[in-house]
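Order-wise, the sequence lines are chains A, B, C and D.
Using the numbering used here, the first residue of the first sequence is number 1, and each one after it goes up by one.
Using the numbering used here, the first residue of the second sequence is number 1, and each one after it goes up by one.
Using the numbering used here, the first residue of the third sequence is number 1, and each one after it goes up by one.
Using the numbering used here, the first residue of the fourth sequence is number 1, and each one after it goes up by one.
Hints listed in this document are in silico derivations from the structure and should not be mistaken for laboratory results.
Bear in mind that the values here come from a model prediction, so they are computed numbers and not experimental data.
Among these hints, one or two may not hold up.
Since copy identity is lost for identical chains, a pair holds within one copy or between any two.
Here are the simulated DMTMM-like cross-link-like pairs (lysine to aspartate or glutamate), alpha carbons at most 20 Å apart as the crow flies [as the list claims (entries may be wrong)]: (1) LYS49 - GLU155; (2) LYS140 - GLU152; (3) LYS5 - ASP41; (4) LYS225 - GLU125; (5) LYS148 - GLU16; (6) LYS215 - ASP126; (7) LYS148 - ASP46; (8) LYS137 - GLU210; (9) LYS140 - GLU16; (10) LYS156 - GLU130; (11) LYS215 - GLU155; (12) LYS145 - ASP124; (13) LYS49 - ASP126; (14) LYS137 - ASP196; (15) LYS156 - GLU141; (16) LYS156 - ASP126.
Number of protein chains: 4
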Amino acid sequence: MEEIKRINVLDKGFVELLDTMPSHHMDMAVVSAARVSYLMDSKGEDKDKFLVGFLLQHGHTSPFEMAEFKFRVKAPVVVWWQWVRHRIAEYNAQSGRYVKYDDTECYLPDKLRQPSKHNRQASDEDKLVEGQEQLIKMMKEHYEKGLKLYNELLEKGVAREEARLVLPGFAMYHTFIVKMNCHSLMNFINKRNHRDAQWEIRQYAAVLEEFFKEKMPWAHEAYLKYYKGVDENIEG
Amino acid sequence: MEEIKRINVLDKGFVELLDTMPSHHMDMAVVSAARVSYLMDSKGEDKDKFLVGFLLQHGHTSPFEMAEFKFRVKAPVVVWWQWVRHRIAEYNAQSGRYVKYDDTECYLPDKLRQPSKHNRQASDEDKLVEGQEQLIKMMKEHYEKGLKLYNELLEKGVAREEARLVLPGFAMYHTFIVKMNCHSLMNFINKRNHRDAQWEIRQYAAVLEEFFKEKMPWAHEAYLKYYKGVDENIEG
Amino acid sequence: MEEIKRINVLDKGFVELLDTMPSHHMDMAVVSAARVSYLMDSKGEDKDKFLVGFLLQHGHTSPFEMAEFKFRVKAPVVVWWQWVRHRIAEYNAQSGRYVKYDDTECYLPDKLRQPSKHNRQASDEDKLVEGQEQLIKMMKEHYEKGLKLYNELLEKGVAREEARLVLPGFAMYHTFIVKMNCHSLMNFINKRNHRDAQWEIRQYAAVLEEFFKEKMPWAHEAYLKYYKGVDENIEG
Amino acid sequence: MEEIKRINVLDKGFVELLDTMPSHHMDMAVVSAARVSYLMDSKGEDKDKFLVGFLLQHGHTSPFEMAEFKFRVKAPVVVWWQWVRHRIAEYNAQSGRYVKYDDTECYLPDKLRQPSKHNRQASDEDKLVEGQEQLIKMMKEHYEKGLKLYNELLEKGVAREEARLVLPGFAMYHTFIVKMNCHSLMNFINKRNHRDAQWEIRQYAAVLEEFFKEKMPWAHEAYLKYYKGVDENIEG
Chain A
1 MEEIKRINVL DKGFVELLDT MPSHHMDMAV VSAARVSYLM DSKGEDKDKF LVGFLLQHGH
61 TSPFEMAEFK FRVKAPVVVW WQWVRHRIAE YNAQSGRYVK YDDTECYLPD KLRQPSKHNR
121 QASDEDKLVE GQEQLIKMMK EHYEKGLKLY NELLEKGVAR EEARLVLPGF AMYHTFIVKM
181 NCHSLMNFIN KRNHRDAQWE IRQYAAVLEE FFKEKMPWAH EAYLKYYKGV DENIEG
Chain B
1 MEEIKRINVL DKGFVELLDT MPSHHMDMAV VSAARVSYLM DSKGEDKDKF LVGFLLQHGH
61 TSPFEMAEFK FRVKAPVVVW WQWVRHRIAE YNAQSGRYVK YDDTECYLPD KLRQPSKHNR
121 QASDEDKLVE GQEQLIKMMK EHYEKGLKLY NELLEKGVAR EEARLVLPGF AMYHTFIVKM
181 NCHSLMNFIN KRNHRDAQWE IRQYAAVLEE FFKEKMPWAH EAYLKYYKGV DENIEG
Chain C
1 MEEIKRINVL DKGFVELLDT MPSHHMDMAV VSAARVSYLM DSKGEDKDKF LVGFLLQHGH
61 TSPFEMAEFK FRVKAPVVVW WQWVRHRIAE YNAQSGRYVK YDDTECYLPD KLRQPSKHNR
121 QASDEDKLVE GQEQLIKMMK EHYEKGLKLY NELLEKGVAR EEARLVLPGF AMYHTFIVKM
181 NCHSLMNFIN KRNHRDAQWE IRQYAAVLEE FFKEKMPWAH EAYLKYYKGV DENIEG
Chain D
1 MEEIKRINVL DKGFVELLDT MPSHHMDMAV VSAARVSYLM DSKGEDKDKF LVGFLLQHGH
61 TSPFEMAEFK FRVKAPVVVW WQWVRHRIAE YNAQSGRYVK YDDTECYLPD KLRQPSKHNR
121 QASDEDKLVE GQEQLIKMMK EHYEKGLKLY NELLEKGVAR EEARLVLPGF AMYHTFIVKM
181 NCHSLMNFIN KRNHRDAQWE IRQYAAVLEE FFKEKMPWAH EAYLKYYKGV DENIEG
């Protein structure tokens, strides 16, 4: 990986693609795994690409586990809360017990959405709340009070792990390293880049899909045809 | 399971042992698995108990995966945040997108602890913060303001998934069903009923260990002898 | 579980349902998990059953992980070879290093099938090989020679783990304890009780589906409607 | 990876290191994950190396999951039989249903070992069986008869998946692609490059340890100090 590409998400978050395995032509890792052959052994682009589609169409997902993505992601807790429920992945997190939360590390939405009509637990990105500027201002002021109290508790000698209780916890940004294989990534995107998912995690899932499409154009094409929508599972 | 036993934890949380597999004599599930025999086939208590210890002593952990616990747990997000990092388990969570948070469902500590001397990220349960009553009162008032603002946002039409950003997120109670096999449970207890773990999750881990000891006395005895302390991994 | 039910499979194999979690009304474990409620809390049979279908239809598979099956299975290595590739399960196996293989523990097919027309790697149960009685007799004689040589090697002092190399390894029966949650079981049945799966493992998967249907009639009905055929993955 | 390195194992097997993640300085993936920082961010070699040891000493194994190895391995079924029980890994296998077994693809030991005195299920590499040349010759002849019968069955029209029953199954070579993260690899090496493991799989585990040591010298040093021997689990 010559250079790390970062895409900004929400007001202060981001996704960086830190590394991939293999480092180039990731689609060929699927092909080689299916043929149990050397990496990058090709039978010609047409046959190779056809194989990727054929595998996914017939549910042969194990070769897709041979391509791996490593991301560095900064996201609010409300997003991680849902993300870490995906268990086929590796995570390393910046610790809120170890490191003091920074004053500026709160997610403040720039728009407030109404509940969705079609799904009781979701919100509707086209239905904004009236008077939202005022409400967002109130949220921001409340955040600031929480951060002030947090700092006060620290000064009085309260341990970091405990003082954080007064923070607007769901809004606090944490940075994680996340490693996922392509099979698990497709499952993640399918469930989270979805209108039923919370709007915030969807923004991250959309960026992951962008990286997926860029690095594995054949697999992404197969995903759209044979996988997307097949299995949907939302927790909250 | 005739009756469900509940043990209260923290100010408003609890652990209930909902179910076990097998329903009785769980230690014998380990024995039977190791012998690949019928459930409850015994060679006499002495030999059976010896086998449980022998297996753990020699790292034969797979038979311990054949005994299963199902808990219903109410705990604040700060605890779940660490708990769900244990990936060899099954989780079902009450959704904060779906259900409105209740006014009284915040964890308020009754004591404020100083950082631990021996571990930068932990707190010390013997070193309390001076003037803590006043600080706890300030925390409570801040919680109440957050909950008031949350309700106000809901009234203005903001979706639940978004309004919760102003809550004291780490303090909010959520209820989960958690299923863990005995191997994974021993790993959980070893890491979380530990002085380096956050005090709050340690209270839950101690209750889990109590249930473990009650239901699998042989395995628990073996755990204390051969497993405890062996592998420690704290995230935060 | 009052009594263990055994169903015979192939010439000398079997599946026993050793235990389930919960022990009764397993469908209600899915319902309770989805509601994060006490076990067996019902809103009436119609609503409960509807919920099971709704969950699977919308890909909410996690509540299905709260129902658990434990089987004792005797099957030839050719079946285990494929079975153990399912990683979301717990296994305990009778060891061929520890226990001497018994003379009668070989799987001998009673019919010999031709390759399938529609799938190069499968066989066709309707297209039997001509002269198969004679061929099966030759197989049996070759098995016997292998077992004789195995015993001879043991007598000469060769370790069991090494002597077994001369056995008809794919045909040797092994007994395992297998624990699978309902989600993983549905995945197993979907892939293995399938015309593209090897005929032998299909016989086992069909028995597992029978137990599944008996113990979780609502989930099985939902499986047939919303899950079956969706994701197919055959290894060999 | 510029060039793929192959190490031969047993009479016809091998291990190739196909790919790693990251492609260079794999130890730094552990360091970066623990610091949740950019890949390859260093605080100087002394501090970086110290951190790797500190993490393993205190059971912080999750950063080790961020380094990944991909192998191509040719091994007899008796080895795979034990290997695939390691579930935290990805596998793709050459299929014996799809591809005809080749005449020369049997593992024939060059030495025959006696059972171990200290472990009933193992063999002792220093205690060879008397008259082993003659016994090995008999094994070879029996293999040849099995392969001859296999070919005869195929000629008569028996499907490949069924004809293989007469082969010396445990001795048949299969090629797999195996992907394992460093945490899972350490667990594998700890259990399989061990005197209680079957001699054959130990040869493979020793090669994996060689690759591990070459690619992650710091982690390997920490492994020897803090992990090796801690947790032992042998199946068979």
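Here's how the hints hold up against the structure:
1. LYS49 - GLU155: For LYS49 and GLU155, the Cα distance exceeds 20 Å both inside one copy (60 Å) and across copies (34 Å).
2. LYS140 - GLU152: both (18 Å within a copy, 14 Å between copies)
3. LYS5 - ASP41: between (28 Å within a copy, 16 Å between copies)
4. LYS225 - GLU125: For LYS225 and GLU125, neither the intra-copy (26 Å) nor the inter-copy (32 Å) Cα distance is at most 20 Å.
5. LYS148 - GLU16: Answer is neither; intra-copy 31 Å and inter-copy 37 Å both fail.
6. LYS215 - ASP126: neither (31 Å within a copy, 45 Å between copies)
7. LYS148 - ASP46: Neither, since 61 Å and 38 Å both go past 20 Å.
8. LYS137 - GLU210: For LYS137 and GLU210, the Cα distance exceeds 20 Å both inside one copy (33 Å) and across copies (48 Å).
9. LYS140 - GLU16: neither (27 Å within a copy, 38 Å between copies)
10. LYS156 - GLU130: Between copies only: 8 Å across chains, 41 Å inside a chain, cut-off 20 Å.
11. LYS215 - GLU155: neither (47 Å within a copy, 45 Å between copies)
12. LYS145 - ASP124: neither (29 Å within a copy, 27 Å between copies)
13. LYS49 - ASP126: neither (38 Å within a copy, 34 Å between copies)
14. LYS137 - ASP196: Neither. Shortest intra-copy (27 Å) and inter-copy (39 Å) distances fail the 20 Å Cα cut-off.
15. LYS156 - GLU141: Between copies only: 18 Å across chains, 23 Å inside a chain, cut-off 20 Å.
16. LYS156 - ASP126: Classified as between; 16 Å across copies, 45 Å inside a copy.
Of the numbered hints given earlier, the model fails hints 1, 4, 5, 6, 7, 8, 9, 11, 12, 13 and 14; all others are met.
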